[in-house]
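Undergrad: Fit chain B to the given chain A structure using the hints.
Top line first, the protein sequences correspond to chains A and B. Going by full-length UniProt numbering, the first residue of the first sequence is number 1, and it counts up by one from there. Going by full-length UniProt numbering, the first residue of the second sequence is number 1, and it counts up by one from there.
Rather than coming from a laboratory, the hints here were simulated on the basis of the structure. It should be emphasised that the depicted structure is a prediction, and the values quoted were computed from it without experimental measurement.
Derived pair list, reagent style PhoX-like, types lysine-lysine, alpha-carbon separation capped at 25 Å:
1) K507/B - K530/B
2) K216/B - K290/A
3) K122/B - K211/B
4) K290/A - K417/B
Computed from the model, here is a short list of chain A residues facing chain B with C-beta under 10 Å:
5) G40
6) S79
7) S83
8) S95
9) A172
10) Y182
11) E273
12) M275
Here a beta-carbon is modelled for each residue, glycine too, at the ideal position from N, C-alpha and C.
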Amino acid sequence: MTGHLLRRLAGMVLVLFALSALVYALFYLMPGDPARLACGPRCNTIQVESVRGQLGLNDPVPAQYWHFLQGIAAGHDYSTGTSVQHCGAPCFGLSYQNDQQVTDLITQRLPVTGSLALGAMVIWLLLGIGTGLLSALRRGGLTERVLTLLTLAGTATPVFIVGLLLMMLFCAHLRWLPFPTYVPFTEDPEQWAWNLLLPWVALALVESAKYARLTRSSMLETLAEDHIRTFRAHGVGERGIVGRHALRGALPPVIALSALDFGTMFGGAVLTESMFGLPGVGQLLVRSVKAVDLPVVVALVLVTGFFVVVANALADVLYAVADRRVVLT
Amino acid sequence: MRQLSVISRRLAAASVGLALAAGAAACGPEGGDAEGGSSDGKPTRGGTLSVLNQQAQSDFDPARLYTSGGGNVPSLVFRTLTTRNRENGAAGSKVVPDLATDLGTPGKNATVWTYHLKDGLKYEDGSPITSGDIKYGIERSFAAELSGGAPYLRDWLVGGARYRGPYKDKKGLDAIETPDEKTIVFHLNKPEGEFPYLATQTQFAPVPKAKDNGTKYEEHPISSGPYKVVKNEGDGEHLVLERNEHWSAATDDERKAYPDRIDVRSGLDAAVINQRLSTGSGKDAAAVTTDTNLGPAELAQVVGGDAQLKKRVGTGHFGYTDYIAFNPKVKPFDNPKVRQAIAYAVDRTTAVNAVGGSSLAEPATTYLPEQASFGHTPYDHFPAGRKGNAAKAGELLKEAGYKDGRLTVTLTHDTTKQDEQGPEVATAVQDALKRAGITVRLNGLEHNDFSDRIHSVGTEPGLFLTGWGADWPSGGPFLAPIFDGRQIVEDGYNFNSGLLNDPAVNKEIDEINKLTDLKAAAKRWGALDKRIGERALTVPLFHPVYKRLVGKDIKNVVISDWTGVLDVSQVAVR
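The shape of chain A in the complex, shown without the other chains (with noise of 0.2 Å):
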């Protein structure tokens, strides 16, 4: 189990850092002069010039890179022009656009992504393999063909378009929720859940269909598997059936997907802050490519990498407890 741990750190040590070395790369075929946008369409070329040494432009690309990530292993200094700071490790650097330093800035909206995430989970899964489980009980009947329909719809309908129907529907007509306004949980709880409860439904309404799909499909499977068919024979109740064992083994691929899609939701539910005008990671990282600002794009990716890779590592033990054919070595 350590050896396995210890590995998959290894692993993403450098799935991480072969992701921002190739960040990088792709940077510089990006169009768009990130000295010439911080400093504004009317500044000359000498003060372009003035404003690429400040931003460390000028020096050569491995050294850029090999800065950047000094400043993630030790952190670094910077000077305000009044004053020097300390940027404590890991430090991502400053934004190119606005000199803040990027850690903060993606600190600041992390709790947003994070609310958005955690709450259009538990949804989505619930939603989701509940669905899923009844569909594949009820193979041929009417529920499955209705529920296969309603997860159609979800998966082929675009956030915003639920989205907006939603708070045109809560917000705007029935008047039963507030337009959504990020409220942070250690301010004033119960306005976090209530504000955040159309961004969660909107998300997971969208999410739960794909699962619905996966759980029924992969139930299917696992209810056609001799060991099944072995408990039938020996009169095992049919949810003792469902319970204990066919579920557990429809299980490993939804936890797979699960832990992807929670990782990945931390590089920013993108439309979905959009369209709810949550601050979060997304909104960031849209804006940061708009803007060629490379230290936020890189840190982002770097951020949601981790995640990713932290959340397959832990669906690798999840995978252990459901299914206990499974062993880590």
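TA: Frame of chain A; chain B shown alone:
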């Protein structure tokens, strides 16, 4: 000016709030009166105003903001030597004193400008505002760490081109003198009769040197205005302002400052902003937006429906022109007859429809916007009518040597959808020109790529969509950057797309700049525009119109010809 399509995202966030939003001018709420806004009764102090925006109010540092007239939200915190007149319509395009006692005293043929500060001016901490603080505020805008502002200080102040800001050059800028704590004198390279307009920009806000913490100043800039910053989250995504108790209304004739608190939230979707303002439930009843127009579908709903909702729509015309630009160094646009043929062929009706119809844009035949302050002088040198004059265009093409009256050209545009320089307008131009026998190939480029290419002399396409907006409501910042030959930039960002370098035009620009009588200057700017228009270096397409909803509790809506958007300093929620 500013050219909205090329503005950096950061700049867009910081200042275009005003410009984009803008549009300026005109009339205040439809069917409502300027005083009363959307509700009855006199405006009173108190309450919380919500501002719902798409773009964050980022870089909230007076040195970094690029604003027209000091911006909308920034103007609540930063007072400047002069400011815009906060009145509806044409009266709102006047420049008036703010921290200064008057619009300045010109000397030495408008190359020296002297200002005196009013009595009783204080910062949010109660300390006095001095002329030295204004000098320091301007000096720090030269620092590379705080870049982003307009280019005029660099270009106009003696030694401005070489100065690197107070962090590197402790001696300061000699072009600004402060003989005493209430007097400030500016020495310029050349006559600039419109200096009072420039003094409205946030770089003219005072910054106490002892409180300057460089790039971190934007987190809590020291207020000289009626509100102070109590919260600035996510680089201006959520800004909370509360009353500055040390601001004195007796020293400020312009800002009404009715609400006790102003809550600015951004990052919101345009459709959601309009839905919230329309529904007006809870806090949204006391909400406005400074950067979000009603879309065509929403306008149709408002116009055809609820009369109360219709009364809550404000209309404005910011000084902005969208146009087709030619690079006469690229064939076949070196031939004036080809340029004229295209000018005759354009269909301004379809171009206007491409950006949402006549409620959201008005056809333009002049480069200068149609407000008196710009010196607008009507002309239509190549009358295309409403639908384009294909026959005349065909004749010109034949005269230009295209015997069969057929020509193929490439039109470069931004790929950003629903943008004034985007694919919808490009397609409208393509269709119109096709009727005149001109085949247009479209070349859509990603926003940053588009911006870089059209502003580089080496890569500028022959034919492209672009636009220009006013830094202040006058012909100067509208004509000079685009048509003054001395402003052609060979190795950087160039805005003189027609590469016009006519000594007569340059001389007339210099002559007008000497005028301190702004009305007389406006007249001459208008005449110059008409003369330049004959060269067909641009084909004006339309001037945007701005339609904005306000919440149902909002009172005292003021929309000036300067900004075209509701002025948040005038709004009351009670």
